[in-house]
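There are 2 protein chains.
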Amino acid sequence: MRGASVKYMPIGVIHSCHTEAKATPIQPVYAAGCAGRAEIFPEYAEGLTDLEGFSHIYLLYHFHKAGPPRLKVKPFLDEVERGVFAARTPFRPNPLGLSIVRLLRREGNLLFLDSVDILDGTPLLDIKPYTARFDRIDTLSNGWQDALSEKAVAERSQREYKRSDL
Amino acid sequence: MRGASVKYMPIGVIHSCHTEAKATPIQPVYAAGCAGRAEIFPEYAEGLTDLEGFSHIYLLYHFHKAGPPRLKVKPFLDEVERGVFAARTPFRPNPLGLSIVRLLRREGNLLFLDSVDILDGTPLLDIKPYTARFDRIDTLSNGWQDALSEKAVAERSQREYKRSDL
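Heads up: the protein sequence lines correspond to chains A and B, in order.
For the record, in the first sequence the residue sitting at position 86 is 85 according to numbering that gives the first Met the number 0, with numbers rising by one throughout.
For the record, in the second sequence the residue sitting at position 14 is 13 according to numbering that gives the first Met the number 0, with numbers rising by one throughout.
It is worth saying that the hints were derived from the structure and are not from the lab.
Just so you know, not all the hints are guaranteed correct.
If chains are identical, the list can't say which one is meant, so a pair holds when it fits in one copy or spans any two.
[As the list claims (entries may be wrong)] Listed below are the simulated SDA-like cross-link pairs for lysine to any residue, each with C-alpha atoms no more than 20 Å apart in a straight line:
hint: 1; residue 1: Lys64; residue 2: Gly2
hint: 2; residue 1: Lys73; residue 2: Thr88
hint: 3; residue 1: Lys71; residue 2: Asp137
hint: 4; residue 1: Lys6; residue 2: Asn93
hint: 5; residue 1: Lys64; residue 2: Ala22
hint: 6; residue 1: Lys6; residue 2: Asp145
hint: 7; residue 1: Lys21; residue 2: Glu51
hint: 8; residue 1: Lys6; residue 2: Ser148
hint: 9; residue 1: Lys6; residue 2: Leu70
hint: 10; residue 1: Lys21; residue 2: Leu103
hint: 11; residue 1: Lys71; residue 2: Gly32
hint: 12; residue 1: Lys21; residue 2: Arg69
hint: 13; residue 1: Lys73; residue 2: Arg132
hint: 14; residue 1: Lys64; residue 2: Val79
hint: 15; residue 1: Lys71; residue 2: Phe40
hint: 16; residue 1: Lys71; residue 2: Glu38
hint: 17; residue 1: Lys64; residue 2: Thr138
hint: 18; residue 1: Lys6; residue 2: Pro89
hint: 19; residue 1: Lys150; residue 2: Phe40
hint: 20; residue 1: Lys71; residue 2: Glu149
hint: 21; residue 1: Lys71; residue 2: Asn108
Produce the complete structure using the sequences and hints provided.
Below, the structure written as structure tokens:
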């Protein structure tokens, strides 16, 4: 039995210095210095209460510029095709994005962020607190990524993005 | 400007021993021994290639039994109302769930899991690999959770769930 489709409404929009997918860093850990803002629509602003106590938050968003989904993709970090669910590419059956970003401060319905690897104008679907207790996991293996050197990953991940203050 | 709504189709369904929301552990780290399976619909199975190399994966899913959204909630772990985006409750404007679970093995389109804190029958929307490089963050602060003792959290989180093999 197939489930019914689900429908979500954006709760806000992400502003960043990244206006081109090809020049957007591929993971927040390699986007230090990339400022951004999450603007939450006023009707949801009350839901941000207490968020400023967390140094890191998850943003869940819609990859609005992703092309058609693929089941095998060549990840940015690799030369070999991998299953889409073993990669973080935007070209997914459901183009859901997940980034862990640094929360610098909150001003009303605006969140000021660092380490933003997200395209400007991206629709925001949800925000969750990142906590060391629940989310900092001792992995036993990291799949195809275990074969990559830290240097090669860092070089590929940063790409040619502009750093700017937003 | 408000963004348009987004529509997703389940890529599969999560099977677990949790049939009651009230008896489901609240985070995977407190659900060790809770087996589960993710069944991916056959048309997406090719996208699972290479996933078995990762010891931990993110499941993104639809909280199909969540009630109406609230902007302030009393988290399971706390006695004080918090903003919904500073909590992991299902009662969210967009009822998107996120769990980091242990991937034990893959058999075709079936993923055998441990540390499952998800209700049986939950529609699965996406799977992403969890990697130490991108996802294991040194937090500076963990908001209202920093005030809770590890013992109190563990007691509340486990709840009265049954452990079983699936």
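### Query
Using 20 Å as the alpha-carbon threshold, which applies to lysine 21 and glutamate 51: within, between, both, or neither?
Neither: 31 Å inside a chain and 29 Å across chains, both beyond 20 Å.
### Query
Between lysine 6 and serine 148, at a C-alpha cutoff of 20 Å, which is it: within one copy, between copies, both, or neither?
So lysine 6 and serine 148 fail the 20 Å test inside a copy (40 Å) and across (38 Å) alike.
### Task
Classify it for me, lysine 21 with leucine 103: is the Cα-Cα distance of at most 20 Å met within a copy, between copies, both or neither?
neither (26 Å within a copy, 35 Å between copies)
### Query
How would you classify lysine 73 and arginine 132 at a CA-CA limit of 20 Å: within, between, both, or neither?
This pair counts as between: shortest inter-copy Cα distance 19 Å, intra-copy 33 Å.
### Message
At most 20 Å between alpha carbons: which applies to lysine 64 and valine 79, within, between, both or neither?
### Response
neither (23 Å within a copy, 39 Å between copies)
### Task
Go through the copies and call it for lysine 64 and glycine 2: within, between, both or neither, with a Cα cutoff of 20 Å.
between (26 Å within a copy, 13 Å between copies)
### Task
Can you give me the call for lysine 6 and proline 89, within, between, both or neither, at a CA distance of at most 20 Å?
both (19 Å within a copy, 16 Å between copies)
### Query
When no copy is named, should lysine 73 and threonine 88 be tagged within, between, both, or neither for a Cα gap of at most 20 Å?
within (9 Å within a copy, 35 Å between copies)
### Task
Could you figure out if lysine 6 and asparagine 93 sit no more than 20 Å apart (CA to CA) within one copy, between two copies, both or neither?
both (12 Å within a copy, 8 Å between copies)
### Query
Taking 20 Å as the upper bound on the Cα-Cα distance, should lysine 71 and phenylalanine 40 be classified as within, between, both, or neither?
Between copies, since 16 Å is at most 20 Å while 36 Å is not.
### Task
Since the copies are identical, ignore which copy is meant and state whether lysine 71 and glutamate 38 lie within 20 Å (CA to CA) inside a copy, between copies, both or neither.
For lysine 71 and glutamate 38, the Cα distance is within 20 Å only across copies (19 Å; inside one copy 34 Å).
### Query
How do lysine 6 and leucine 70 come out at 20 Å by Cα distance, when the copy is not named: within, between, both, or neither?
Answer is between: at 19 Å across copies they meet the 20 Å cutoff, but 23 Å inside does not.
Taken one by one, the earlier hints fail for this structure at numbers 3, 6, 7, 8, 10, 11, 14, 17, 19, 20, listed in ascending order.
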